[in-house]
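J.: Kindly produce the complete structure, drawing on both the sequences and the hints.
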Amino acid sequence: MVSSVGSTDEIPLVYQRRRPAARDGTLSAFTVRDGVILWGNIAAIDIINAKHNEGVGSIRNKDLSIAFVASGDLRNVVKTVNELTEDYSGTIKVVLNDLNPIVVCRNIMILAILGTIPDIEEAAEHALHLWYSVFQPISYQTRILPRILESQTLQNLTGKRAQLTHSTSMHTTFSTNTIAYLMDILRAPALDPDIASNALNDIMNAPQRGDYRDRYYVSIKPSHRVAFERWRSFGLILPFGAANAHLAIPNRWLFTKDGCLFLSDDANPFEGWDFDEIFDSGKAHGTTEADLIGSLFFHIMDQLVEFSKRLRRFKIQIYSFDLDATKLPRTLKSNTSFPQSFDHIEVSNIMDKNYVGMSVLSGWGPFLNQANPHATIIGLFMNWYKWKESADFMLSPGDFSSAKERMSACPYTVRIYFVCLVSRIQCLHT
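In full-length UniProt numbering, the protein residues as written are 1 to 430.
In short, the hints are calculated from the structure, not lab data.
Among the clues, some could well be false.
[What the hints assert, rightly or not] Calculated lysine-lysine pairs in the PhoX-like style (CA-CA distance at most 25 Å, straight line):
| no. | residue 1 | residue 2 |
| --- | --- | --- |
| 1 | K315 | K51 |
| 2 | K353 | K62 |
| 3 | K353 | K327 |
| 4 | K333 | K315 |
T.: Here's what the structure looks like:
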């Protein structure tokens, strides 16, 4: 039996001649819990972008330093490293920082899996499910986790160098609170599968939030509605029809200690990757565009397999921190063994004034590599339109030119992404 959400004749409740729940007061008894943002909601970017900056040829044997000072998940790191030339022979230093202990612990676990498990395909699939799926393979508990616990990566969390692969090193400096959180999750008893399923359903399928789901579903294809409905029901990233009995261990990295789902009901695993690339990956593996989850599975698998190979082939030094992005510069300066300048710095949306604001430029601008004319700070004004009364979805050419002139007056080279999200349209100006 096919779900009605896949029907072209389905009329969302929000259009059935009544006021939406958000406006008629029926939502008042239902409190929407703010979730933890564990997945990016902007497609992954290559922050080096050699083709349009240093040049693909000139970067081939060049040493590079890059920083993700409010990284969130690993998608931009993966994308950036994977976009380097196959024969890249330089050394690349990567600073990876986020203030959220949940985020940094998830990231280090994913890196440990990708660098430690010998079978690259197996490593990539386990990393994918830890990152995105509500349930993990049984083998995670029986084989993967014991091996990870013995790895240098998890045994050196206070700054000491650890070898992730023969060519990639980790330099992790976490606070005692973050280390304690990591150890608590690693030692936590297994979560009951029924509790995990109920927690997923309570958040993703709350009847009081039906109007919000319909408002999203009405903008996408019927087959994709089915895919989203399936993901919201089971929380698994797998091709349609693939065996899933082995995915039986609730993913502790998506739940609180007492079994509540970290995610909010608008969490979307698809938003962190480019949709065209997702569909291309699916087609390359023989699936159709209708199988949105399957296409996402193959795309992330391809990315993680390639990234794992490069961790074992490229000379990479990863410096991981759990600091406020405004305090990290002082920490870097205090230890000359840390990178002291960067070719590209990605600051995410902390440039929004409700976070750090434009002072990010004065804090991080001095760290740009003065010898590299292409050195950049890459930022995102995700919430700009919310407080700017004159904000418009499309800036007029004159307004945009004026904004660029004001930006160019800054003593540091800055690349800014203005992103306005209206419905499902993204307007990108660089």
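J.: Does each hint fit the structure? Answer for all of them.
T.: Going down the list of hints, with the structure as the test:
Taking the CA atoms of K315 and K51, the gap is about 21 Å. The hint holds against a cut of 25 Å. Taken as a hint, the K353 and K62 pair is broken in the structure, with Cα atoms around 35 Å apart against an allowance of 25 Å. With a CA separation close to 17 Å, the supplied pair K353 and K327 stays within the 25 Å bound. A threshold of 25 Å between alpha carbons decides the hint, and for K333 with K315 the separation of about 23 Å falls inside it, so the pair holds.
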